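> Quick one: dock chain against chain with the hints and give me the complex.
So the protein sequences, as listed, match chains A and B. In terms of our numbering, the first sequence opens at residue 1 and continues consecutively. In terms of our numbering, the second sequence opens at residue 141 and continues consecutively.
Each hint should be verified, as a subset may be incorrect.
[As the list claims (entries may be wrong)] Straight line, CA to CA, 27 Å or less: simulated DSS-like cross-link-like pairs of lysine-lysine:
no., chain 1, residue 1, chain 2, residue 2
1, A, Lys130, A, Lys62
2, B, Lys176, A, Lys62
3, B, Lys176, A, Lys130
4, B, Lys242, A, Lys130
[To be verified] Take a look, some chain B residues computed to stay more than 12 Å from chain A by CB distance:
no., residue
5, Gly164
6, Phe182
7, Gln200
8, Glu255
[To be verified] Looking from chain A toward chain B, a few residues come up when the C-beta cut is under 7 Å (computed):
no., residue
9, Met13
10, Ala20
11, Glu58
12, His85
13, Met122
14, Ala125
15, Leu132
These are computed hints drawn from the structure, not numbers from a lab. Only a predicted model underlies this, so the values are computations on that prediction, with no experimental measurement involved. Don't be surprised by glycine CBs; every beta carbon is placed ideally from N, CA and C.
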Amino acid sequence: MTMPGNASGPMSMFQMGYRAMSAQMVRMNAAASNLANAGSVAGSADEAYRPIRTVFAEELDKQSGLSSVRVDRVVRSDTAPVRRHDPGHPLADENGDVWEAPVDENAEMIEMLEASRQYSNMVEAMSTAKQLMLETMRMK
Amino acid sequence: MNEGLFGIHGAALEVRAQRMAVLGSNIANAGTPGYKARDIDFGAALQARLAGSESESAAQRATVYRIPTMASLDGNTVEMGTEQAAFAENAVAYTATLGFLKGRVETLTRAIRGE
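Just chain B, with the same shape it has in the complex (with noise of 0.2 Å):
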């Protein structure tokens, strides 16, 4: 039922929220050394999530590691343009997405007013 109300907009917000904090993973351990930064492909997880699998194994199959643009001496592939830059993004998106599930709720509760 839920699927049906909220269209593709109800996983895409969870994914959007693992994204998040993996990226947010990511920027915390800036400077751990030999820490590998990771990040979720967004279309993968997604589409597994609609697929029917569970929302933490579709977001884990999805993880890749980031590729650095230029690896560092102590093993740390955490670039923080890259990381911010791929937050504000997954942010605006969030919000995209948060704004469609408000239209959808908005016309529902019309409907159901009968106004």
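For reference, chain A alone in the conformation it holds in the complex (with noise of 0.2 Å):
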């Protein structure tokens, strides 16, 4: 199957609209992975969950000189897991320790809101393109 985002040729509104909302996308989840590791315990620092996040690049289409998004890479956090005592808890360590996922919920939701405004954007864009080719197509 061809996705719009592969065709051939120079870039269209529909593969740059494509791409953006596939990056928009992939930032949505990072930030609703995090969310549902809020509050998430470990037995050491190290095996605590660390937040993700995505690093958009630009992509120039060299032919035609336009830019769509890609997500370049996914970084953990390097955010120190918080260290609770809680010896009942069936993780603890010989010390009586817990780590906590360092999951910011307030930025996270911030991440989210943020993604889906820049993805809606692009909806519009790209709805408002449409709009105007079809009219182009239709003039007798």
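Here it is in structure tokens:
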């Protein structure tokens, strides 16, 4: 199946939109993963969940001079897990400590909000472009 | 012949479409660190196109970087308000040009039919 993002030839508005939207989707999923793991605990600092972040990069199409976006990499945050003294916890180590995932819920919610706003901006731009193209095609 | 029939409007529609794609690029890269927003100087691109240069090169030579109102920390110069305003303005101008073209085609069709 040919995806709109993989078509050959100069990049169209639709390919651009497709790529931008899937990049924002990855970003939103990363934020959702972080939120899902908020408050999860582990028995050691190494095992604790580290929040993930997507890094976007510009993707220039030399033929048309337009640039789209792609997910360059997904990085794990190096924030230290939060140590909590909880001797009753089944995962607690010999000192009675557990490590909690360092997820900042507010930051994740903002990340999600921003991704969704940028996603819908792209949808809007794409639908305007589509409408204009259809009008041009219908020209008698 | 094309230039003769449609005057400035054929070239204008082309440049409008190119500008729409460039502004779309900016919107797509709203979250890309270090991305520099671009825009096509419509007047310059149209002049170059009418002076006989290729449509691609005319647009690329008239492409300029946008000067941000306020620089952001990650080096991205896309400002959503600016981009959306420019996009909307461009879409309206595209529709106007399309209207001129439609009118011209209608006139010609009538002349051919002898109505």
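> Among all the numbered hints in the text so far, which are the ones the structure does not match?
5, 7 and 12
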